[in-house]
Each structure stands twice: as structure tokens, then as C-alpha cells.
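What follows is each chain in one-letter form.
Number of protein chains: 2
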Amino acid sequence: MPSALVLIADGTEEMEFTITYDTFVRAGITTHSAYVPAAGAPSPGTSPVAKGSRGIRFLPDIVFDISQSGPDNYDVLVIPGGAPGAATISQNTDVQTLVRQYLDAKKYVGMICAGSLTALTSGLPKQPLTSHPSVKDQLTAQFEYAEEPVVISGNLVTTRGPGTSFPFALTLVEILCGVDKRKEVQDPMIFPIGTPW
Amino acid sequence: MPSALVLIADGTEEMEFTITYDTFVRAGITTHSAYVPAAGAPSPGTSPVAKGSRGIRFLPDIVFDISQSGPDNYDVLVIPGGAPGAATISQNTDVQTLVRQYLDAKKYVGMICAGSLTALTSGLPKQPLTSHPSVKDQLTAQFEYAEEPVVISGNLVTTRGPGTSFPFALTLVEILCGVDKRKEVQDPMIFPIGTPW
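If you read the sequences in order, they're chains E and R.
Its first residue numbered 1, the first sequence is counted upward by one per residue in full-length UniProt numbering.
Its first residue numbered 1, the second sequence is counted upward by one per residue in full-length UniProt numbering.
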């Protein structure tokens, strides 16, 4: 069974986090959320609370620990947006190391919205990528910036915001579990007729 | 400023809860989540944890208390789906009382997915309504069952599932805050071109 690690921090965008995690669980992907403390913050203890960008409070499954978060542990690493949360996660050097390790190991990395800044901070090579428009200017010099809802570049999958999080999560389900599983997960969500994914 | 109470229980559908709450906050709606304990469960104390239908754990803002949850306190009451959570909420007699009070007071009630069962348990009069297809058969005799993504019947607004939660939440934003606010909230979510809402 595929497995996923979805990072979360104070200021993570709640919808991007929740849509990804929930959709993965529906697909049978073993999914853990891991709390990334802000730089310089005191130790979060074993039961941290992550307060999302719009105030929803989550109890993450685990505290982020690079020694248990590598490509031997999970098939995909996901970095949601929300400007403050994405700043914390993208500046974390252990996260940056993991992003490179996942891609080197041919595992998958997903980045949502401002989470795509992690491609920059991790020093990834020039390649197609998208993000929330609010951080586009920080990415255009180093990447082949695209404005498709979901951009697949090898094993790096990026997307734009809350409004593209469903097709993003479903794309990763298709990659990890196949097109039949995607359909099995997508149909009971009851998207309106004409929804373009 | 408009205000909203979004109910949550163990087994609430995480995406339906989160999309609604987050979208409301983006619109400037003062939004509280209130934990509804399962019938017969021990007192949840002052800091309950709600475990969603796919395992995401939330810290709700408050514990549900009918004396602080009426139409004098909030402009809209929202009941998410997720079969186990919707069972808990729809069977709660205080919730049923509030649903009738909100509608009598010309305040709004929103029901998502299996949350629409609360229209039945609250004894609402026959009117247009939708729900998740999985509970359609329980509703067709008592209501004018519709299959539109979002159904507005006076002050009762119902929707079908996670895939219709964005248009549901945005519809309530438009009702409470106006069409300009809806556009202001919707545009930065970056829905793909062709999204039918």
C-alpha cells in the first residue's frame, strides 16, 4: 500500500492540507501528517497543535523528524501552502534535504501554492513548475513557470492553490494507485457536472 | 460582520468542514466550530478533539451549547456530512431545535452531504433539498429531492458532498456578504479555467 507524509506548520492553508490528506486516505494511502515547528520555536512536545492560516486547529499525527521521514519511509512527500506555513516548511533545511532525497530516489514530491517555494530553497534544477500567483515572481527566474492547474515534472508535482487541490490530490492518487482507484475515489465526491478534472 | 457556527463531531467529513470554515473566514465572517458529542458519550470537557471521517484530528473552538448557539448569536448554522458525524449531529435534539429556530428567525441553515438528514430529523416542511446520493432514499419521500450542486430553498441551503463544498460555501458568502465579496474570496483560490462555479 502506498504511503504519504503531508507536512503541516502553523499557518498552513487548511483546505490544501485537508483535501490532500483526506483524498489520500480515501484511496487507501497510508497517510501521516507531520508538524514542522517554526525556526527557533521551543520544542513542540509530542502532541503539538498546528493552527492553520484561517484559524482551524489541528492535532498532527507526528512531529517532523528527518530520520523517520525519508524516501524509505514514504512514497510521497507533500508540502502545502499558506504563506506563513510555507515559509516555515520551505526554510527548514531537513525538509530541503528530504525533497532532494525523494526525487533522487524516484519517489514523489508534491508542492501546493506557496509550498512551491520549497523547490527554490531546495535548489532543484530548472524544470516546469507552478505555484500560487502571489509567489510567481520568486520562481520565474529559476524554473520554467507554468500556469496549468497541476504541473508534473518527472516526480515533482506542483499546483496552484485551494481551488486546484482536488485535481492535485487526485493526480497523485492516479500516479500512486492507478486510474481506476482515482475514479473510485473521485466519483463519490460528487463534483458538479462540467468540473474540468 | 456576519457570523457562522459550523458544527463538528467525530466522523465529520474533514473537507466539507474545512472548506466551509476556511472560506467563511476568508470572507470576514466570524466563524466558530462547535463540537457535538455523540449521544451517551461522556462529557467532552472544555478542549475536545474531533476525529474526522478520514482520521484528521481537530480542536474545535467550543463545545456545542444550545444556549449560546441560537439565531441571536449567529447568522448561519452549518451541518457538515460524513456519515458518522452527520448521524451524531442530526439525532441531537438541541440541533434539531436550532435548525427550526434559525429558519423561523430568517437566519440561514446550511447542510452538506449526509448532513441533510438533519432536515428530516428536524421535521422541516416539504421543500427542495439535496444531499449525498448515499442518503437520497431517506429523503425523497419527505422532500422535493433535487440533484443540483447547491439547492437554495428560502433560508435552507443544501449541497451534495466534498466536490460541491466550494460552491456551497461561496454561495453562502454571496448571500451573507454580497457578490463582490464572493468574487474577492473566490479569485485567489485559483480554480482551473472552466470550473462551473
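There may be inaccurate statements among the hints.
Repeated chains share a single entry, so a pair holds when one copy, or any two copies, can fit it.
Said to hold, decoys possible - Derived DSS-like pairs: lysine-lysine, alpha-carbon spacing no greater than 27 Å straight-line:
1) Lys106 <-> Lys51
2) Lys51 <-> Lys126
3) Lys126 <-> Lys181
4) Lys181 <-> Lys51
5) Lys183 <-> Lys126
6) Lys183 <-> Lys51
Rather than coming from a laboratory, the hints here were simulated on the basis of the structure.
Owing to the predicted nature of the structure, the values given are computational and were not obtained by experimental measurement.
Status of the hints after comparison with the structure:
no., hint, result
1, Lys106 <-> Lys51, "neither (32 Å within a copy, 33 Å between copies)"
2, Lys51 <-> Lys126, "neither (33 Å within a copy, 41 Å between copies)"
3, Lys126 <-> Lys181, "neither (32 Å within a copy, 38 Å between copies)"
4, Lys181 <-> Lys51, "between (32 Å within a copy, 25 Å between copies)"
5, Lys183 <-> Lys126, "neither (33 Å within a copy, 34 Å between copies)"
6, Lys183 <-> Lys51, "between (32 Å within a copy, 26 Å between copies)"
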